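With these hints in hand, go ahead and build the complete structure from the sequences.
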Amino acid sequence: MNNIIVFCETDNGKLCDVSLELMTKARSLAQTLNCDLEALLIGYNVENLKDELYLYGAKTVHLADDKQLEFFRTLPYASIAISLFKQEQPQIALFGATCIGRDLAPRISSALHSGLTADCTSLEIGDHQDTKGNKWDNLLYQIRPAFGGNIIATIVNPEHRPQMATVREGVMKKEPLSVPVAGSVKKIDVASILTDADFAVEIIERHIEEKKIDIKGAQIIVAGGYGVGSKEGFALVNELAKVLGAEVGASRAAVDAGFVEHERQIGQTGVTVRPKLFISVGISGQIQHTAGMDQSSMIISINNDPNAPIHQIADYSIIGDLNEVLPKMIASYKKHSK
Amino acid sequence: MTKKLKIVVLAKQVPDTRNVGKNAMTPEGTVNRAALPAIFNPEDMNALEQALYIKDQNPGSEVLLLTMGPFRAADIIREGLFRGADGGVLLTDRKFAGADTLATSYALSQAIKKINPDIILAGRQAIDGDTAQVGPQVAEKLDLPQVTYAEEIQEISDNKVVIKRRLERGVEVVSCTLPCLVTVHATAAPCRPRHAKQVMKYKYARTVTEDTAEGANYLLSLADYPYLKITEWGTADVGGEDSSYGMAGSPTKVKKVENIVFQAKEAKKLTASEEDIDSLISELLANHTIG
Chain P
555 MNNIIVFCET
565 DNGKLCDVSL
575 ELMTKARSLA
585 QTLNCDLEAL
595 LIGYNVENLK
605 DELYLYGAKT
615 VHLADDKQLE
625 FFRTLPYASI
635 AISLFKQEQP
645 QIALFGATCI
655 GRDLAPRISS
665 ALHSGLTADC
675 TSLEIGDHQD
685 TKGNKWDNLL
695 YQIRPAFGGN
705 IIATIVNPEH
715 RPQMATVREG
725 VMKKEPLSVP
735 VAGSVKKIDV
745 ASILTDADFA
755 VEIIERHIEE
765 KKIDIKGAQI
775 IVAGGYGVGS
785 KEGFALVNEL
795 AKVLGAEVGA
805 SRAAVDAGFV
815 EHERQIGQTG
825 VTVRPKLFIS
835 VGISGQIQHT
845 AGMDQSSMII
855 SINNDPNAPI
865 HQIADYSIIG
875 DLNEVLPKMI
885 ASYKKHSK
Chain H
2 MTKKLKIVVL
12 AKQVPDTRNV
22 GKNAMTPEGT
32 VNRAALPAIF
42 NPEDMNALEQ
52 ALYIKDQNPG
62 SEVLLLTMGP
72 FRAADIIREG
82 LFRGADGGVL
92 LTDRKFAGAD
102 TLATSYALSQ
112 AIKKINPDII
122 LAGRQAIDGD
132 TAQVGPQVAE
142 KLDLPQVTYA
152 EEIQEISDNK
162 VVIKRRLERG
172 VEVVSCTLPC
182 LVTVHATAAP
192 CRPRHAKQVM
202 KYKYARTVTE
212 DTAEGANYLL
222 SLADYPYLKI
232 TEWGTADVGG
242 EDSSYGMAGS
252 PTKVKKVENI
262 VFQAKEAKKL
272 TASEEDIDSL
282 ISELLANHTI
292 G
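In order, the protein sequences belong to chains P and H.
Going left to right, the first sequence walks through residues 555 to 892 as my numbering numbers them.
Going left to right, the second sequence walks through residues 2 to 292 as my numbering numbers them.
None of these hints come from the bench; they were simulated from the model.
Model, not experiment: these values are computed from the prediction.
The C-beta atom is built at its ideal place from N, Cα and C for all residues, glycine as well.
One should not assume that every hint holds.
What the hints assert, rightly or not - With a cut-off of at most 30 Å between alpha-carbon atoms, the simulated DSSO-like pairs for lysine-lysine come out as follows:
1. Lys269(H) <-> Lys770(P)
2. Lys161(H) <-> Lys689(P)
3. Lys7(H) <-> Lys161(H)
As the list claims (entries may be wrong) - Taking beta-carbon pairs under 8 Å as the criterion, some of the chain H residues facing chain P (in silico):
4. Thr18
5. Ser106
6. Thr132
7. Tyr150
8. Glu153
9. Val172
10. Pro252
11. Thr253
12. Ile278
Unchecked claim - What the simulated footprint calls covered on chain H by chain P, stretch by stretch (three residues with Cβ under 8 Å from a Cβ of chain P suffice, anywhere in the stretch; the number is not a length):
13. 54-66
14. 76-87
15. 120-131
16. 140-149
17. 158-169
18. 282-291
So this is what it looks like as structure tokens:
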């Protein structure tokens with residue numbers, strides 16, 4: 555009772571990254587709150603995923619496994635989650651801000667009259683006092699940008715449970731435990747919950763492609779140029795991108811030199827990106843390249859040439875050797891991030 | 002087979018957050034909301050096109066816009082009338098103020114119950130909040146099935162609609178029983194432009210509030226030309242519990258709002274020293290740029 559439940563999404567029989575990222579975050583929230591972490595897993599033939607969920611700290615895996623649940627449909631999934639939440643009374647419920655999570659979570663929040671905050675970029679635990687002097691301990695701070703990214707709002711749901719939030723993929727870090735917890739599966743009696751009305755929507759056909767490189771949608775991009783020097787040199791760029799949850803981009807010179815695949819090329823003959831943060835590594839900053847990235851909200855340039863044009867459009871320019879700067883950034887991030 | 006359908010389009014008037022230019026910023030670097038133009042939420046425009054398309058296919062159908070907002074939100078109902086809608090309802094009441102998505106959904110669902118449509122269309126999300134919550138929440142309150150991220154309404158018959166949905170990595174075609182609620186994705190067809198005939202006809206469409214405002218002087222009276230009247234409803238018209246409206250009906254509370262301060266584009270020069278990099282990373286973490 556009053557635990558944290560993470561709705562775990564699957565894709566082709568595998569757990570989605572966003573769900574494991576949420577499990578990781580929820581595990582630390584559960585520790586702060588001194589409660590258990592539980593997973594809700596809905597699908598068909600997905601019971602084998604329980605072990606991976608134990609590895610991410612799930613004490614209980616609530617499992618709804620049925621042929622009719624093979625592909626996501628709002629109503630049956632919502633009915634199962636609503637029924638479970640009524641019974642288990644979780645204090646927090648988290649969902650990936652995916653096509654599925656953003657369809658399902660609001661439906662559940664409406665049925666339970668519990669507040670929901672979309673696309674949180676940070677989740678913390680803290681106290682709250684309203685203007686009338688009422689106080690609450692240990693609420694979930696749901697922190698998100700709003701108003702086209704021009705403000706950051708902290709939202710709380712003092713009086714209604716569960717406190718619900720969605721988070722996009724790549725925002726939280728994914729970190730398994732070294733030893734799985736001793737968890738167990740609790741099977742949900744699907745037949746007793748679902749009714750004919752839950753099947754108002756029928757899937758006629760589906761065309762889903764394999765996951766491709768998507769630098770366009772990335773919030774953070776670390777891009778390397780010819781200055782990175784080699785394919786091997788890109789390992790540092792990749793590592794920084796990985797710890798920041800960023801995508802890797804490149805200038806045309808780096809692509810032509812064969813350092814990275816063409817899909818990552820940014821600029822006039824590549825893709826145009828406008829991430830929240832663009833870290834430019836060893837890129838001189840020719841106009842053909844900057845045309846594809848100069849609308850980024852924030853630009854950090856790293857280049858040992860103080861006269862490189864990239865520094866002129868940067869918010870922060872670091873004049874230095876990338877082989878020295880990148881490891882320091884990685885170490886500093888690991889030290890400061892929670 | 003064609004059918005006379007009653008179609009409701011949910012629309013929202015939003016500040017144009019996509020064009021936060023230099024003049025939209027205060028000297029302190031925060032957003033000057035008053036300087037942002039109020040526009041018809043873009044994806045609601047895609048929803049309107051789908052509604053008008055259904056009407057084209059099913060002559061005699063009726064497209065009604067429903068919006069909640071202040072008096073000036075009547076502007077987007079007029080915009081919809083100019084493009085082919087048949088009427089509109091403005092939900093406006095002080096009691097609606099401070100509503101989060103759930104309280105908004107409650108108000109909209111109360112109004113929809115009164116209209117009793119065959120299908121409800123809405124944009125996937127509004128650009129001022131990007132939550133995508135109101136559509137599914139309205140569907141739940143009305144106990145209707147929902148189909149989100151519609152790209153194309155392929156077929157609509159007596160009791161069924163076939164819809165192509167746009168997902169992260171592909172498409173899905175589904176059928177759904179009517180009545181239902183559909184949210185429309187930005188990749189759907191853009192809305193047709195204003196039609197000169199409609200503009201002529203509805204130029205003076207107005208709410209009673211606008212009609213009776215000080216200094217208002219309309220040639221054609223609402224009594225003689227009833228189609229010019231944009232309906233205004235408040236809580237008294239749509240019924241429901243006062244405690245479910247506005248701030249009182251909103252489980253989420255805003256604890257804190259921080260403005261993102263935009264700095265002039267003058268690069269801060271940093272060295273490769275550990276201190277410089279450490280302070281940069283700490284700053285980026287503190288303002289949620291990373292982490």
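These are the hints, each one checked on the structure:
| no. | hint | result |
| --- | --- | --- |
| 1 | Lys269(H) <-> Lys770(P) | holds (27 Å) |
| 2 | Lys161(H) <-> Lys689(P) | violated (50 Å) |
| 3 | Lys7(H) <-> Lys161(H) | holds (14 Å) |
| 4 | Thr18 | holds (3 Å) |
| 5 | Ser106 | holds (6 Å) |
| 6 | Thr132 | holds (4 Å) |
| 7 | Tyr150 | holds (6 Å) |
| 8 | Glu153 | violated (13 Å) |
| 9 | Val172 | holds (5 Å) |
| 10 | Pro252 | holds (3 Å) |
| 11 | Thr253 | holds (4 Å) |
| 12 | Ile278 | holds (5 Å) |
| 13 | 54-66 | violated (count 0) |
| 14 | 76-87 | violated (count 0) |
| 15 | 120-131 | holds (count 4) |
| 16 | 140-149 | holds (count 7) |
| 17 | 158-169 | holds (count 3) |
| 18 | 282-291 | holds (count 8) |
Going down the numbered hints, you'll see the structure goes against 2, 8, 13 and 14, while the others check out.
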